[in-house]
Each structure stands twice: as C-alpha cells, then as structure tokens.
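As you go down the protein sequences, you meet chains Z and L in turn. Its first residue numbered 216, the first sequence is counted upward by one per residue in the numbering used here. Its first residue numbered 14, the second sequence is counted upward by one per residue in the numbering used here.
Keep in mind the hints are simulated off the structure, nothing from the lab. Take these hints with a grain of salt, some might be off.
[What the hints assert, rightly or not] Result set (BS3-like, lysine-lysine): computed pairs, CA atoms no more than 25 Å apart in a straight line: (1) L:Lys120 with Z:Lys496; (2) L:Lys173 with L:Lys205; (3) L:Lys173 with Z:Lys496.
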Amino acid sequence: MDSRVTTLARQAGTATARGVLLVAGAVAALVLVLVAVCSMAFMALGAGVLAVPTCVRGLRWLAQRNRELAGKLGVPIEAPYLPARDVEPGIVGRVQRCRWLLADPATWRDLAWALLNTVVGFVLGLLPVTLLAYAIEGFAFSAGLWQLTRDSGVQFWYSFIPIRGWPTAALGALFSAAALALWAFSAPWIVKGQAYFSKPLLGQTQRSRLAQRVRQLADTRTDAIDASDAELRRIERDLHDGTQARLVAIGMKLSIAEHQLDSDPALARTLVAEARDASAKALAELRNLIRGIHPPVLAERGLDAAVRALALDAALDVTVSIDLPGRAAAPIESTAYFAVSELLTNVSKHAGADAASVHIGHENNVLRIVVTDDGRGGADAARGSGLRGIQRRCATFDGTLFLASPEGGPTVATLELPCALS
Amino acid sequence: MRVVLAEDLFLLRQGLVQLLQSQGFEVVAAVDNGPQLRQVLLRDPPDVAVVDVRLPPTFTDEGLQAALEARRQVPGLPVLVLSQHVEQLYARELLADGAGGIGYLLKDRVFNIDQFVDAVRRVAGGGTAMDPQVVARLVAGTSRREPLSALTPRELEVLKLMAEGCSNAAVAQRLMVSPGAVAKHTANIFTKLDLAPSDDTNRRVLAVLAYFDR
C-alpha cells in the first residue's frame, strides 16, 4: 500500500516536472512561431531565405523534443519529414534548401502545432503545477496561516470555504487533500493529453510515409545495382585473368605438342601432361568462382542442406538447427546463405570462439537467422565491411541485421528477412 | 567388369565410355538422366555404377538420390559418384549405411586414368575412394573430437589415406614407411575406434565412417 502511494506520488511528480517542460516548450513555440512568421514575411526581401532554414531547424528541434517526451509517455510519434536532399554549395544551395523546407508539408504542420501548442501546451503543462500548488496552499492555511490573515482583517477564502476558525480549517484541509488526490491521479493523464494532442500534427502522414519509403527503396535499389555490377565485374576479371588465360595456354601447349609429336615425342608428352595439369587448375579456379556466385549445394538442395554443409566445413564446432516448413525464393536463400557464410567466417576469424550455433526459423512471414558464438564479443557492425555488406544485401529485401556483442561475449547476430515460403 | 554410367553431358559421357572401354570395362548402359538410371540400376545391378551428382530432369542432386535409393534396395551396390564439386555433407550421406563400395570423386580425377581406374575397381570390390579434397576439408576440425582425439598424428594421417581408399601397401608408399609399420598403425586405429575384428575391407570402411561421422 505504502509503495503504491509512493509510486503514485513519483509518477505525479514526474508528470508535473514534464508539465513545466511543456510550459517552457509552449513559450519557445510562441517565440519560434513569431520569428518564423516574420522571417517568412521577409522572404521577399531576401533575408528570409537565410532565416527560414534556421527557424525551421529550431521548430523541428522543438517538435522532436516533444515527440521524444510523448514517446516516454507511451504515445510514440514518428517524425514525418521528407528526407533531406543534396543541395549545391553557397547561396543557391540556401535558396534550394529553403524551397524544399517550405515544400515539405511537415514544416507547415509543425508550425500549426507550434501555434496551437502555445495555448494547449501552456494550459495542460501548467495544470499539474497549479493543482499541486493549490493543494499545498490549502494545507498551509488550514495548518494555521489563516490566523495571520484573520489578524490582518482580510477574510481568506479557500475555494468556497471561508476559513474563520479551526472547524472551517479542518474543512479546508479536507478540501486540500481532495486537490492533492486529484493532482496525483490526473497529472500523468494531463501531460499525456498533450501528447495525444500533438500526435496528429507531429506524426506521420500517408504522404510522408510514402516519401520515406520511396527514398529507402531508391537507396537500396542503388545499392543492389552497385553490388551486382561489382559482382559481375569481379567474375569477368576472374574469368579473364584466370580461366581464359589458362585455356589459351592449354591450347598453345597442345598445338606445340601436335607439331612435335613426330620429331620429339618426349617433349610432346611433357607438354600434354602440362596441358592436363593446367586444365585441372582451371577447373579448380572455376569451382571456386562458382562457389562464390551460387554454391552448388544451394542449387541442388536448398538453404537447409547448404547451411549444414557450411557448418561441416567451418573451422569450429557449429551446431545447426533449422525449422523451415518450405523453401524461400532463390534470391532470399542465396542472401541468407552468404550471410551465414560471412557470419561464420567472422566468428572463426575474429571471435576466438570454440563453438557457434546457427538457428533458422520462419515466423509471421519473416525468415529469422540467429548465429551465436561463445567468443570474446565486442564485434561492431559499423567497423566490419563484411557485416555492412550483409546489411546492404538484406536491405534489398527489407531485411535487417542486428548484432548484440557485449565485451566478453557472447555475440548474437540476428538476421531477419521478410519473405513467404513455398 | 560391368559398368553403368550416368552423365548428362554428351561429350563427357562419350569420353568416359571410351576411357572405361579402353581399360577393359564393359559399359552395359550409359544413361543421361535420373529416372533412367534408377531403372537400369534396379533392373540388373551392375558390378559398379559411375554416376554424376547433377542429372536431368531436375538438375539438382538427382544422380546422388538415385544412387542412394538403389543402394537402399540393393545393399552394398558399388557406386562411384563423380561431381564438379565435393561436399562433406554428401560424402557422409553416401557412407552412412556403412556398407562400403562407395566412391566420391571430383571429375578432374578422371585425368589420371590409372588412379581413376584403380578407384573404380576398389569401389567395385567393396572399398572406398573418397576425394582427397573432401578428406582434406575434414582434417581441420576433426582431430580434437572424440573418438579421433585418441589417435596419434601419424595414425590420423594413415586414416586420412585410408579414407581416400589407399591399401596398406599404398599408404606405406605414400608415407614412405614399411608396410609392417602401416599394419601396426591400422591395427591401433581399429582398436582405438573400437572396431571388432571382421574382414579387413569392412573395418576399413567403418574406420572411414568414424572419420566422417564427427
């Protein structure tokens, strides 16, 4: 019971503090609205072009703080801004930036929010503080301060109660207790009310959501094209410098052997043997190349067997558990395979681990791959180019790679690829 | 010796038929797809089947599946599997029934005719012929695992060559030791792997199986 009271008091206290923040935010919003309107008015004069971006940045900062506060109160609000565009340097860039800032509907919605928030934020923010102060005032007078006002000849009214003596003071104390209770129960909800008011104006709209999606798709498409282009060039180079050159050499050796067959059979024999060895080397190179493009086991058996084959070839103990009711599309399988391959390579190279495990499952239309090792941890996705490569590859399918690697281990890499199984 | 051959690429099929015939084998059937291979193997089991892993109509591991299926119906039917790539996974599946008469080689091994023919004969005789590459890929992580951790490095080396299908004499030649020493090593291996005395070929297969079944 006691802890319930303290929890209630603490929550109400926090809410009151947040209310004070809201009041400060409302005042800041008022200032920003005034400055923004002025700088927009000065657009025609040119000075506005310089001032508007700064204003908008301030407005966005304030709106973002409000979103964060709302998030803490359990009302998540996503930022709706259109993705920033590249601008030219200098004054031209400033004009461009100014134009796309003003073209972004979110800027105007921010402004409308700021205008309304000067009132709503102010009132809702002030309410908890006022309630608390009112309760404290009541307690103070009921405790005896009323005697001072009586002596000075001024009649003190606490709400509708004229406090003239101890009986009315007791009534006042009761009323103060009610005010305190009201504060304790309502403060969190009042502050939350401001978050609900903010949400429609500060949150995502259909359009901003689409714009962000388009930007993400364009980025991942560029990455995918770049990656496949680089891959093709690598294959071309390998074929050109390796296999092709070897085949030319084999042809030359064979034609010399053909000419020397009668005059120098011993030399011809040596050359033929050399040609045979060269063809074996060319085959080995091709095998490696093919493994890098699309591993044969994956083509023959699918993801399940291919990952098991990877585990068998790994330099450390790898336990595999796979629970897939069907097959994913070929590009997804390939991405998943290379991701597991890269992750296991990382484990044996950097983690200093003795054992690793790979789990693959499929739930709610998401293929989830978890690679765990018992190594020293401390892996950082931002540093490893291999991990970034996996992230890029996954992003093409709206997939994500999440790495949890505390110092001292264990490292858990979780890969999620949205896909349906067939 | 009667051989069934399954290979979908015309040039390779012709080459293999020519090679086998030149070495005195009788090629009773040369097929180019999985269903036909199944039919031929079950209708009249040959002395040995030489099979490509990837075959039509699925172009997946059709040949391997057909071979495994045939061995389930005709236990110990000697099969030499050829492939452009070797996988430990497939090697284990092939060896899993412990019946021997299994070979698994890269197609390049055909270049050395003597060794290839030797491998075909060995498989036909119930022995094993594992590609050095697939054996080599085992070596890295195998030695610290039970029960192989009990073997000395020399014994592991002998076991590795046994997995490739070498006879004691061949092992002796490769390691440049006396056949007597190799015989001692193999005896030790059999003891440490707890393989009861039976005929030598069978024990060799079981030792190799232990090697793969880590």
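message: I'd like to know which numbered hints this structure contradicts. Please list them from smallest to largest.
response: none
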